[in-house]
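*Asks:* Sequence:
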Amino acid sequence: MEFSVILDSGSDITTVPKAIADFLDLEIENEESEMIGYKGIGKIKNSKVTIIFKGKVQRLDEVLHDVPIAVMQDPEEQEVVVGTRGVFEHFKILFNDSKSVSITRII
1 MEFSVILDSG SDITTVPKAI ADFLDLEIEN EESEMIGYKG IGKIKNSKVT
51 IIFKGKVQRL DEVLHDVPIA VMQDPEEQEV VVGTRGVFEH FKILFNDSKS
101 VSITRII
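If you count the sequence shown from 1, position 13 lands on 13 in my numbering, and the numbers rise without skipping.
Do not take every clue at face value.
To be verified - Lysine-lysine pairs mimicking DSS-like chemistry, simulated, CA-CA at most 30 Å apart:
#1 K92 - K45
#2 K92 - K39
#3 K45 - K18
#4 K18 - K43
#5 K39 - K54
#6 K99 - K48
#7 K48 - K92
#8 K54 - K18
#9 K92 - K56
#10 K18 - K99
#11 K39 - K99
#12 K54 - K92
#13 K18 - K39
#14 K18 - K48
#15 K99 - K54
#16 K99 - K56
Worth flagging that the hints you see were computed from the coordinates, not collected in a lab.
Assemble the whole structure, with the sequences as input and the hints as a guide.
*Replies:* Okay, structure coming up:
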């Protein structure tokens with residue numbers, strides 16, 4: 001499965017559609033809660049995921065483990081949004097324009 005992501009400095013948490021979470025066979029908590037996002041209020045379940053930011057060569061890949069995510073329960077939700085929690089504190093992220101982002105690991 002291949003998909004694009006939106007890197008969003010205004011989003012507190014990473015959101016993943018249920019279909020992608022199911023495909024990745026993520027462990028998803030049973031408890032459902034509500035989240036307010038730019039599209040309104042949606043039902044979510046919490047999980048964690050490993051995120052790999054691909055470098056130009058594999059040795060430059062950056063890996064983050066146990067990133068908290070919200071699994072969107074609405075089947076209409078299709079976007080993966082990478083939010084700040086568990087991600088932005090590990091990197092210096094520079095938004096150069098609408099399509100170009102520089103990501104540097106903070107040591």
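*Asks:* Under the criterion that the straight-line Cα-Cα distance not exceed 30 Å, is the pair K92, K56 satisfied?
*Replies:* Given that 30 Å is the threshold and the Cα spacing comes to 17 Å, the pair holds.
*Asks:* With the threshold set at 30 Å, check whether the alpha-carbon distance from K92 to K39 stays at or below it.
*Replies:* 28 Å, holds
*Asks:* Tell me if the straight-line CA distance from K99 to K48 falls inside 30 Å.
*Replies:* OK: K99 and K48 at ~27 Å, within 30 Å.
*Asks:* What's the verdict on K18 and K99, does the C-alpha distance respect the 30 Å limit or exceed it?
*Replies:* Since the Cα atoms of K18 and K99 sit roughly 26 Å apart, the hinted pair holds (cutoff 30 Å).
*Asks:* Given the hint that K54 pairs with K18, does the C-alpha gap stay at or below 30 Å?
*Replies:* Given pair K54, K18 holds - Cα atoms ~23 Å apart, limit 30 Å.
*Asks:* With a cut-off of 30 Å on the C-alpha distance, tell me whether K39 and K99 pass.
*Replies:* Holds, at about 22 Å.
*Asks:* Going straight from one Cα to the other, do K18 and K48 come out at no more than 30 Å?
*Replies:* OK: K18 and K48 at ~13 Å, within 30 Å.
*Asks:* Hey, K18 versus K39, does the alpha-carbon distance stay inside 30 Å?
*Replies:* 16 Å, holds
*Asks:* Given the proposed pairing of K92 with K45, does the C-alpha separation stay at or below 30 Å?
*Replies:* It holds: about 29 Å lies between the C-alpha atoms, which stays within 30 Å.
*Asks:* Checking one constraint from the list: CA of K48 to CA of K92, max 30 Å. Satisfied?
*Replies:* 22 Å, holds
*Asks:* Straight-line Cα separation of K45 and K18 no greater than 30 Å?
*Replies:* It holds: about 9 Å lies between the C-alpha atoms, which stays within 30 Å.
*Asks:* Are the Cα atoms of K99 and K56 separated by 30 Å or less?
*Replies:* Distance of about 17 Å is within 30 Å: holds.
Of the numbered hints stated above, none is contradicted by the structure.
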